[in-house]
Amino acid sequence: LAFLTLTTDFGTKDGFVGTMRGVIWKICPQVQIADISHEIGPQNVLEGAIALWRAYPFFPDGTVHVAVVDPGVGTERRAIAARLGAQYFVAPDNGLLTPMIEDAEAKGQPVEFVNLTNPKYWLPNVSHTFHGRDIFSPVGAWLANGTALSELGPTITDVVRRPLPKPEKTATGYHAQITVVDAFGNCTTNLPAAVAQGVKKISFTLKGRQVDDLVTSYGHRSPGDIVALVDSESFVEIAVVNGSAANALGVKVGDPVEVTVEF
Amino acid sequence: LAFLTLTTDFGTKDGFVGTMRGVIWKICPQVQIADISHEIGPQNVLEGAIALWRAYPFFPDGTVHVAVVDPGVGTERRAIAARLGAQYFVAPDNGLLTPMIEDAEAKGQPVEFVNLTNPKYWLPNVSHTFHGRDIFSPVGAWLANGTALSELGPTITDVVRRPLPKPEKTATGYHAQITVVDAFGNCTTNLPAAVAQGVKKISFTLKGRQVDDLVTSYGHRSPGDIVALVDSESFVEIAVVNGSAANALGVKVGDPVEVTVEF
Amino acid sequence: LAFLTLTTDFGTKDGFVGTMRGVIWKICPQVQIADISHEIGPQNVLEGAIALWRAYPFFPDGTVHVAVVDPGVGTERRAIAARLGAQYFVAPDNGLLTPMIEDAEAKGQPVEFVNLTNPKYWLPNVSHTFHGRDIFSPVGAWLANGTALSELGPTITDVVRRPLPKPEKTATGYHAQITVVDAFGNCTTNLPAAVAQGVKKISFTLKGRQVDDLVTSYGHRSPGDIVALVDSESFVEIAVVNGSAANALGVKVGDPVEVTVEF
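Chains as they are written, first to last, in my numbering: chain A, 1 to 263; chain B, 1 to 263; chain C, 1 to 263.
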C-alpha cells in the first residue's frame, strides 16, 4: 500500500482535484489519497506551507505529499521533488516546502532535492496552466510506486526558501504574530508554548485586547470568554470559548501579538 | 477490508481531517474512509447527530463511525466507543450518538458502551484541543483493525443522551419542527410521513405559509411552487421546486411546523 | 481494483455523498472513489456536464462515472447507464452526459445506452427524492464489480441531449461565450484555442474590455493584468494574473465574448 496527500488552492468546485486522482490512479492504482486542504487562499504559498506542515508528521513513513500553490505555473520556476526525513514531497520550487525542510534539517534527517526535468514521469501533454495535473500528480504517483528520486531529474541544493515568520524577543517578552485562523475562528500564533513554562505570569495583547495566562482547554472557561491556550501543535493560540476569536476581535493572519512575560 | 466514516465540525480548510486520515492509516493502512460531513455547525452536537443518523444505515456491517463535535474537548467529559447493532461508533460522550442508540434499542439490537481510558490505543502525545486526532481517530482505526471494544476501556451504561425533539400531538394534528435544512434549502421536519397514511387531508403551516397535501416528488409541480413531500428517510419535508424553501420562507432548523390532519 | 467517480449538486454539508459511499462499498468494497464536484449549482445540468467532461479523460479505462444533477428525480424521466469509449457512466437521462457522448462519437468509439429498469441492481427501497443513493450509486457499484451493461435494463438510443453552446462564426471572427468560471475566477470560453494558430492578431472583448493576444501562462504578465491564454483543456480562457477575472470584470457563465481575428 502507498499513501499520498494533496494540498492545493484549487477549491473543490471545478473538478481539478478529482482529475488529479484519475491521473494518480492510472499510475498507482492502489494508492490511498488524503486531501489536506484545497481551500488554501489563491496563490498563498505561506498558507499552503503551514497547512501541510501541521499535517505531515502524522502520516506513515513513505507517504508522498503533493502540494500545488503555484503562482508561477507555466513560467521558468522549477518543479521539485524532495525526500525530507522518511517522507516525500512534490511541489513548485517557490518555498512551499520550507517548514518541512527546516524540520528535517533541525532533526538531522535526510534532505534531498531533485529538479523535475525528466518528462518520462509527466503526462504526455503538459499544459501551461495545470501542472498539478500534468507534472506534480504523475510524479507523485511514480514516487508512490517506488520510483527513485534520482530518476525524476538531477539533484539540486539551492531550492527557494520562504521561512515562516519567527517571534522576536523584546524587553518584556516577545513580538509574535498570528499564523493560522482556523474554521472555528481560533487564532494560532508563531509562539511556541514552551516559552510559557516556568514563568510567573504571561499575557498576550492582540487587537488592543489583553488575555492573561494559558488555560488548559476551551471547556475550562465560560462560552464567550477570550482565552489563550496551547494548540494541538504546541503553539500559543487565542480563542473564544464556543465562539470565534477571529470574528470577535477582527483577527487575520499576520496580525501582531505582544507577549509579556514575568519570571 | 475495513470501513470508517468521519463526521466533524472541523471544516475542510485547515487540514485537520487530512491529519486524521494519516493517523488512521498508520494503524489501519487498508481502511476505506468516507467523509459524512465536516461542515457541522461549530459545537452543534444535534446537527452532527442528525447527519450521522441519516447516513449510517447505508454502511456495511462492521463500519466504524468516528464522530467529533466536541465543545468539551480537554475537559473531564468522557470519550466513548459503542457497538450499536452491527456497527461501531467513537465519539465524545455528549449525546452525539443518541439517535443511533435509540435506533438500536428500538430494534432490540446489541448496545454496548466503553469509556475510552486505555491510552495504549491513543497517540503517544495527547493534546488538550484535538482529541479527534489524538484519541478518536486512533481508537477508530484500532476498532477497524478488529480490536475488541473491551480492550479500549471499561464498560459503561450511563452515556449522555440528547434525544432529538419529537413531534407533539395537538387537538387537530401535530406540532412538529424543522430538523434539517439541506444544501438545496429543502427543510426536513421531525414528522414521520407515516402519519399521513390514510388521512383525508393533511396540511402544514410554516412561517405563516400553508402547504396542502403531500406530492410524490419535486418534479410533479412547477418550479417555484412550495410543496410538502416524503423525504428520503420517510419524514415530511417542505421544499420549493427547483428552488430553496429555506430562502423563500426564511426557514431555519428548530422552526415550528403546525400540522393539521383530517380523517 | 475498480474506479468510480461522483459528480453531484448535493453539497458536502448534509452527508448525502458519504451515504452514497456506504451504498457503493456494500456492493463493491474495494473500489477507489473520487469526488469530481459536489458543488455543481442546484439543478444545473450543463455545469455538471462540463465539470465531468473536463475530468473524465484522465481516468483509467473501466472507470464508472456516477453523475447526479437531477431536477426530475421521482418523475418519469429515465435513469440511464452508458458505455462511452472505454468508460462507464450512470446518470439521469437529462442531457448530463452529452459532451462525453459527443466525444465518443467524434472518435468513433463505442457508444451504448441502457434504460435502468432492473430493480435487482437498486436498493430494495427506492425513495422519490434521492435516486443518487437508491439507484445511481448501486448501479454504479455493480458496474464497477463487472456487471454487464445489458443486465441493467434494455438498450436504448434516444437519450436526451443538451449540447454545449458552440462559438458562432462572424464577419470578423467569432461570437463565443463563457462556459466555466473556476474557483480562481478564471473564465473559460467555448472557443478552441486552435483557432488562434497562424493568425496575425487575435483579440477578445468581454464586458466592454478588450484583451489582445494570447499569453503563455499567468506568470508572464504582472499581477492584476487581464490576459487571454490557452487553458488546460485547450480552450481560450480570460484571467487576471494572481487575481479573479470574474470579480474584476463581473463575468458569469454564459456571458458573450466577441473574438476578432486578423489573418
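Certain hints may be false.
Same chains, same names: a pair is fine if it fits in one copy or spans any two.
[What the hints assert, rightly or not] Keeping only pairs whose Cα atoms sit at most 30 Å apart, straight-line, the calculated BS3-like set for lysine-lysine is: (1) Lys26 x Lys107; (2) Lys120 x Lys201; (3) Lys201 x Lys26; (4) Lys107 x Lys166; (5) Lys201 x Lys13; (6) Lys207 x Lys169; (7) Lys13 x Lys26; (8) Lys120 x Lys107; (9) Lys107 x Lys13; (10) Lys207 x Lys13; (11) Lys166 x Lys13; (12) Lys252 x Lys13; (13) Lys200 x Lys120.
These aren't lab readings, by the way, just hints derived from the structure by calculation.
For clarity, every value in this text was computed on a predicted model and none was experimentally measured.
Open item on the list: Check the structure against each numbered hint from earlier and tell me which ones fail, lowest number first.
Closed with: 2, 3, 5, 13
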